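**Q** The primary structure of each chain is shown beneath.
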Amino acid sequence: DAGVTQSPTHLIKTRGQHVTLRCSPISGHKSVSWYQQVLGQGPQFIFQYYEKEERGRGNFPDRFSARQFPNYSSELNVNALLLGDSALYLCASSLAQNRNTIYFGEGSWLTVV
Amino acid sequence: GENVEQHPSTLSVQEGDSAVIKCTYSDSASNYFPWYKQELGKRPQLIIDIRSNVGEKKDQRIAVTLNKTAKHFSLHITETQPEDSAVYFCAAPHSNYQLIWGAGTKLIIKP
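Residue numbers (this note's numbering), protein chains in the order written: chain A, 288 to 400; chain B, 3 to 113.
It should be emphasised that the hints constitute simulated quantities derived from the structure, not laboratory data. Keep in mind the model is a prediction, meaning the values are calculated, not measured. Just so it is clear, CB atoms sit at the ideal spot from N, CA and C, and this is done for glycine as well.
Straight-line C-alpha distance at most 30 Å; calculated DSSO-like pairs for lysine-lysine:
1. Lys-317(A) to Lys-39(B)
2. Lys-39(B) to Lys-112(B)
3. Lys-44(B) to Lys-24(B)
4. Lys-339(A) to Lys-44(B)
5. Lys-39(B) to Lys-300(A)
6. Lys-317(A) to Lys-44(B)
7. Lys-108(B) to Lys-60(B)
8. Lys-44(B) to Lys-300(A)
9. Lys-70(B) to Lys-108(B)
10. Lys-112(B) to Lys-60(B)
11. Lys-317(A) to Lys-59(B)
A short list of chain B residues far from chain A (calculated; beta carbon distances all over 12 Å):
12. Ser-14
13. Gln-16
14. Glu-17
15. Gly-18
16. Thr-26
17. Lys-60
18. Arg-63
19. Glu-85
20. Ser-87
21. Ile-111
22. Lys-112
23. Pro-113
Pulled from the structure, derived: some chain B residues nowhere near chain A, Cβ distances all over 12 Å:
24. Ala-21
25. Gly-57
26. Ile-64
27. Lys-70
28. His-78
With the hints as extra help, turn the sequences into a complete structure.
**A** Structure, rendered in structure tokens:
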């Protein structure tokens with residue numbers, strides 16, 4: 288049984304560029320959340336999607352956007368990249384929306400230079 | 003909103019001794035408290051969680067205790083081993099859709 292899968296695992300981008308990160312939840316899970324983890328800190332909530340609708344948004348600028356597809360996979364998009372966007376981006380999957388156990392993917396390491 | 007504080011930031015214990023990490027939360031409505039272990043360069047992995055209808059939960063060498071009155075919960079690791087070295091995070095839910103995380107505790111197991 289596959290866990291949460293994310294791609295790409297590592298990428299390097301230049302300031303001002305755009306990036307798309309992808310996530311496939313655990314089979315049967317309908318909720319996907321995105322977290323940003325800067326080195327030395329705990330994960331910070333970015334978005335939650337459930338049944339293809341945005342259900343929650345953290346304190347991130349409009350440069351960050353996401354969507355969920357009919358198969359429950361998800362994309363996180365970040366425009367106009369800044370050096371401070373360099374972080375580990377974690378996708379988390381859960382069965383339903385409300386306070387259930389979440390399982391993380393391996394993450395996508397983004398470096399902005 | 004929810005606020006989670008975690009202590010200590012670094013904990014060094016002798017191999018075989020016990021380690022205790024504590025977290026406090028602010029939202030009395032919170033009812034789910036997970037603990038995650040993160041090794042260097044890897045994702046956070048759920049190691050144990052507790053729901054508010056119980057006061058303690060054990061899984062082999064790991065236990066979590068919850069005091070709802072005082073709004074704090076703790077992770078206990080007994081008979082520590084070198085592979086327990088990692089950063090440990092507590093978390094508590096905020097609204098229906100997100101976890102608020104503690105700042106993390108770096109656990110060092112000395113041989």
